[in-house]
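Undergrad: Protein sequence lines, in the order shown, are assigned to chains A and B.
The opening position of the first sequence corresponds to residue 1 in my numbering, with each subsequent residue numbered one higher.
The opening position of the second sequence corresponds to residue 10001 in my numbering, with each subsequent residue numbered one higher.
Since the hints were derived computationally from the structure, they do not count as laboratory data.
Beta carbons are placed, not taken as given, at the ideal position from N, Cα and C, and that holds for glycine.
Wrong hints could be hidden among the right ones.
If the Cβ cut is set under 10 Å, some of the chain A residues that face chain B in the computed set are [to be verified]:
1. 192
2. 195
3. 467
4. 1144
5. 1153
6. 1186
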Amino acid sequence: MSAKKVTIDANEATAYIAHHLSEVVAIYPITPASPMGEWADEWTMGGKKNVWGTVPEVVELQSEGGAAGTMHGALQTGALTTTFTASQGLLLMMPNLYKIAGELTPAVVHVAARTVATHALSIFGDHSDAMAMRMTGMALLSSNSVQEAMDMAMIAHAATLESRIPFIHFFDGFRTSHEVQKIDQLSPEIMKKMIDEDWIINHRNRALTPDKPVLRGTAQNPDVFFQARETVNSYYNACPEIVQKTMDRFNELTGRSYKLFEYHGPEDAERVIILMGSGAETAHETVDKLNEKGEKVGIVKVRLYRPFSMEHLIESLPETLQGIAVLDRTKEPGSAGEPLYNDVLAALQENRAEEWKTFKKELKIVNGRYGLSSKEFTPPMIKRIFDELKEEKPKNHFTIGIHDDVTHTSLDYDADDWESDDDLFEGLFYGLGADGTVSANKNSIKIIGDNTDFNAQGYFVYDSKKSGATTVSHLRFGPKPIRSAYLIDKADFIACHQSQFLNRFDMLKHAKPGAIFLLNAPYEPDEVWDQVPQKVQQQIIDKNIRFYSIDAYKVARENGMGTRINTVMQTCFFAISEILPKEKAILMIKNAIKKAYGSKGENILQSNYAAVDNSVENLFEVEIPSKADSALEMRPPVPDEAPEYVQKVIAEIIAGNGDALPVSAFEADGTFPTGTTKWEKRNIAQEIPVLEPDICIQCGKCMMVCPHAVIRMKAFEGELLEAAPETFKYMDARGREWPENTKVSIQVSPEDCTGCELCVEVCPVKDRKQVGRKALNMEAIDPLLEQEIENWEFFLTIPEYDRSQIKAETVKGSQFLEPLFEFSGACAGCGETPYIKVITQLYGDRMVIANATGCSSIYGGNLPSTPYTTNKHGLGPAWSNSLFEDNAEFGLGFRLTIDKHEEQARELLKQMNGSVENGLRDEILSADQTTEPGIFEQRERIGKLKKLLEKSDSKDAKMLNSLADYLVRKSVWIFGGDGWAYDIGYGGLDHVLASGRDVNILVMDTEVYSNTGGQCSKATPLGAVAKFAAAGKRIGKKDLGLMSVSGGGAYVARVAMGANDMQMMKAIVEAERYPGPSIIIAYSHCIAHGYDMKYGLQQQKLAVDSGYWPLFRFDPMKIEEGENPFQLDSKAPKIPLKEFAYNEMRYLMLTKSQPKVAKELITQAQKDVIEQWRVYEQMVKVYEPEKEKNE
Amino acid sequence: MNFETEYLGLSLKNPLVASASPLSSNVDTVKKLEDAGVSAVVMYSLFEEQITAENKALDHYLSTSGESYAEATSYFPKPTEYHNLHAEEYLEQIKTLKDAVDIPVIASINGISKGGWTSYAKKMEEAGADAIELNVYYIAGDPQITSAEVEQRYIDDLQAVKGSVEIPVSVKLGPYFSSFGNMAVRLQEAGADGLVLFNRFYQPDFNLEDLEVETSLELSSSFEKRLPLRWIAMLRPHLSCSLAATTGIHTAHDVIKMTLAGADVAMMASVLLLKGPGVLVPILNEMKLWMEEKEYISIEEMKGAMSSASVADPSAFERANYIKVLQGFSLNDFK
């Protein structure tokens, strides 16, 4: 019977096997492995059984360390157990993996291999995580493709049970984990045949049980540990043969043959590359072509890397061999060579003694690094390595794919020295995240994969911004197996789904001659050509490109599909690409639509059908004139006035040329300048807010809520207006605090706005002549863009108002302060960034930030451009991200340094006799820095001090000079989300809260792991659906606020900007002022809640009004002052919970997937809210000062 | 005394029907209504928007935020099943009511646009509804739409529903047509088994504090019955389908008047919401007393006794009467 074909990615393929062959699955989200856990959770929630007829138990833990602990426990008690992870997650599992292996416990850890963070975090793929596991005793089995991920997952689950060696099964993160391919699906029958049930029984017989009690996990002494450790040797010795036997059995059942070290190439090859992972697929494709041209080259695909069978490796190599390049997708700085290379060297050396094989000639063997963090690894690079092996003395310890102009490790190569097969179709699709391009392409792959004999491959590249993100889909179809594990460089078909990309990206540089170009643009057939930049026109003419266009937004709109152009563009693709006959393709699209939308309702189905039909009618071919005469030019990535570093480095990354930047472009320690987002003008808003100065009351709310700091307010002297552009808007400053002739401007940066509308929604002013209008209204950007750019540029020239004269602690006052966090890549309408922004307005010039990994570290620190910036004095937040789990401790470290350095500076200053005048010294030592003017004055004094110290050549003066800045108060902030604070980092957070040290913790509580796609955390509320809680969260949200209060020594506040911004301001100011640890838990609306983010603040208010999110502040200092430290800042629940919850898809979707459960959970959640409120009221009473109680 | 009447082919024990209101969302209340004497119950409406908007919103939020960022290609688990909460709850409620009471249960579906929502009529039938009331609430705010197009929509919707079910279908609509009589006849010709006159539209109001439009519903008053009274009286001779009077029916006299005008049933909601199901008992008693006094022995005998075909001066329902009324006024009337 032929196998069922499925078109899926490696995460799904792997999870499919793991779920079928496990009893317990312990999970925790981490990119790019999260989807494996999501699949397992969804399948279990859907009642899917494993091959032995029971539904596996899937449980989410608080960290990968927790998942490993649980796995260890489940294994020790006899369950078939698995987990999924990557990168730091795997590292967190490491201690347990030593234990699990040391105890010979069969288990499989599936890893979507990802870069381990070093000088920077990277979510992309390499083998640094898997390689770090070499010492654990885990077997390491590598998959090179999506098919192999399914097959090796199977082989790992079988081999571990037979061998008792636990396995790490790994494949390349993103390149394989997220690549969609048409593959053969293994049937449960085959899975069952692969596993001898006696192995399972043996595993269970070894389980810890009081029915047959034994003891494991002893502590041993020098007398016995060593020999006891050597007991496992026979198992490791047997393991490679067991794996090969398993592979052979698998071959008998499926016809797919695998070897531990699999040689591919001619018998008489002279040069061989040894490698593992997806690069081996590319190398396979490359050697086939090179050999067709008469070369004699081969590759060895390493599948079982640990236990490393030297004999098997040597066996796999042809005797005719002369040169070997061992390629490692990892870096071990300071080593003799990368790990695989060292192993191969050892094998060749031992071969001399053991004489497994005699090579006819002396071998040259070199080592190279490639593909770190998913760096492209392509046929021209492989060809270049083979060429290098022809050299008499080939370069060793080389790198390929980069330009190393510092230590000159890199091999140069000709990127164009390659042509893909004629019968392979390659297509590139440029879209926006929100327009459905990727989903449409995933759908197209399924259509072609499921309905034709073609092989199909899809890979999707996303940019690092969460708003207005660009996506590029790489699709290949063809009759032969597709092994190209790299991006498409030359395409037969290029689609531009957004006309604004025309002047931003050089798309047609990727067009093959005679390619098809499809453009979505709002132009009539006779207008399109003129709207294309001159460079693009020339490319179309030179490459003889066939050019088609459609107004997809119009078609989508007219068919009730809003801004989702996916169906329209997909239809156009099929209509002109000729991959399938047009009629057949359209029928298939409609079938696919029925499959995808059938259950969502007839109306959705009908709109999609209509869109398909109307797309064909509206598509037209553009006539190509002979001359490129457009007046339009491509836009530079950053403006000409950007600083040199931005021009040379950041701009290149923005333009998509980051691959070409040499090693010398980067600091060796991962340091980057701040304040670079302002140079990356993304122009993603369709509409921007427009001010009505006549009715604006200057309340500051629009500025406060703006997630991207694009709407700003400044007060200034009226004289400055002389230089203002004609359309520049301003008002008389409202309020008695301003000197005469003070004007106020509220200005938007049009090119940085995301169009989220939060500012308009929060605006409290209605135009009394037209009550639907507010003091801010959204208007189409096109007619306003030029003038508002000019106005913004003028606005930037207006000096910042004297901070010491502003009531910074009020909502309005704070918004006259310069934000030092701007234009981040956060989602449009983000609920986290407004909190960060206001904190930088208050303390940015003196703050240092420890940022937990997550959304805030991505929009805070992901290249190309970063949002933390400086004021005109060059002062601003210093920022760093350590890890996900250690952020509180990381921030505490900042505080310890600052306190120690301040203390040292004070000690040194006290000793300064003579060189520093006594008056200045005493003023510095006794300065009051609790206010803005106090800090300003201290900065002035320190400036003087440093000048004096520079004149002195004493050692102490030099030391003091290096520490003097610590005499100005520094504010330490610890930022992170709920995944960090409630789960993985809670232990550290708890400890730091008990440390007594002056740190300020901001928990941006989105109630899910937002950055990895909305997985459940302990902050997720009862009754809400999240990933890993597909059937609704069954347990209430952990009350981190009250838990923090219970320690007694920390300032604690729970805030929601949308419900009470004044309370939020008080909390921030009090937290910062509090001399010990402070924690602010801030309600942060999030796209993972499932509603239009412009209503974020309304939802915050409803959350508070329903009693779900009570606002409070707990200030221990008030105890000493005889006041009640526990201040409840919101009122008793006044609306039913449903009125808040059922505006959000996270709650509502449960009513659609499991209506009965939804009803039960919302009823329970409502009860909990009432009970919670009772507890909070009690808390106020508990903390009432004695005298009040007695009264 | 025979109170029996026939409506939409259903034999009812009396002409008092509970019209579409939130009362029918509670099974105990419906039981109380039955005990108090109501002869049939029209359920609250299932709105087109509840069917379609929910689907659209789900599709939108499940798809739009995804596939734009490498670490989060989606934000929600994929549900394996999609239930339409409102629709399914509604169908469930039909079943519950049918199990709980013996009186007929008339389901109500409210919509206007073309689309899949009319398919829910079939599901209502399958759930056990005895009849369907198609409630068409449409404000033709778009000046480009002609009255002919508006009228055609009503006909199209009716035909879509009629085409999918076997049970009787009535149409509940408002009076605002250039020629309501013609509209009524056309609906009958298009297959309506009955007309429910009239729908009370939700009328907006202004909140002067917040300067916002409010859409609260005020309950009807007895006075409002005059509009349906007139039209039922005028149309009864021209229509063979059932007629239900609704809006402003609060008292026994209101019911009697409607019956005399030609209504087969009188539907009540506001008075039941205001005074509870218990109000039905005195209404029935009073009707009985009145009928005894006037020597009517059955409802059937009363039906249409004062329709335009039966009264001595049919102009009283038309313009002539209007002039008479106005001229009858003098300034003294205002003192």
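Undergrad: Against each hint, give a clear statement of whether it holds in the structure.
TA: A quick look at each hint next to the structure:
1. For residue 192/A, the interface hint is violated, the least distance from its beta-carbon to any beta-carbon of chain B being 25 Å, above 10 Å.
2. Given hint, residue 195/A at the interface with chain B, is violated; its Cβ is 28 Å from that chain's nearest Cβ, farther than 10 Å.
3. At about 9 Å, the closest approach between the beta carbon of residue 467/A and any beta carbon in chain B falls short of 10 Å, and the interface hint on this residue holds.
4. The interface hint given for residue 1144/A holds, since its Cβ lies 9 Å from the closest Cβ of chain B, which is under the 10 Å cut-off.
5. With a least beta-carbon distance of about 4 Å to chain B, the hint placing residue 1153/A at the interface is held under the 10 Å criterion.
6. For residue 1186/A, the suggested interface contact is broken, since its CB lies about 44 Å from the closest CB of chain B, more than 10 Å.
Comparing the model with each numbered hint stated earlier shows that hints 1, 2, 6 do not hold.
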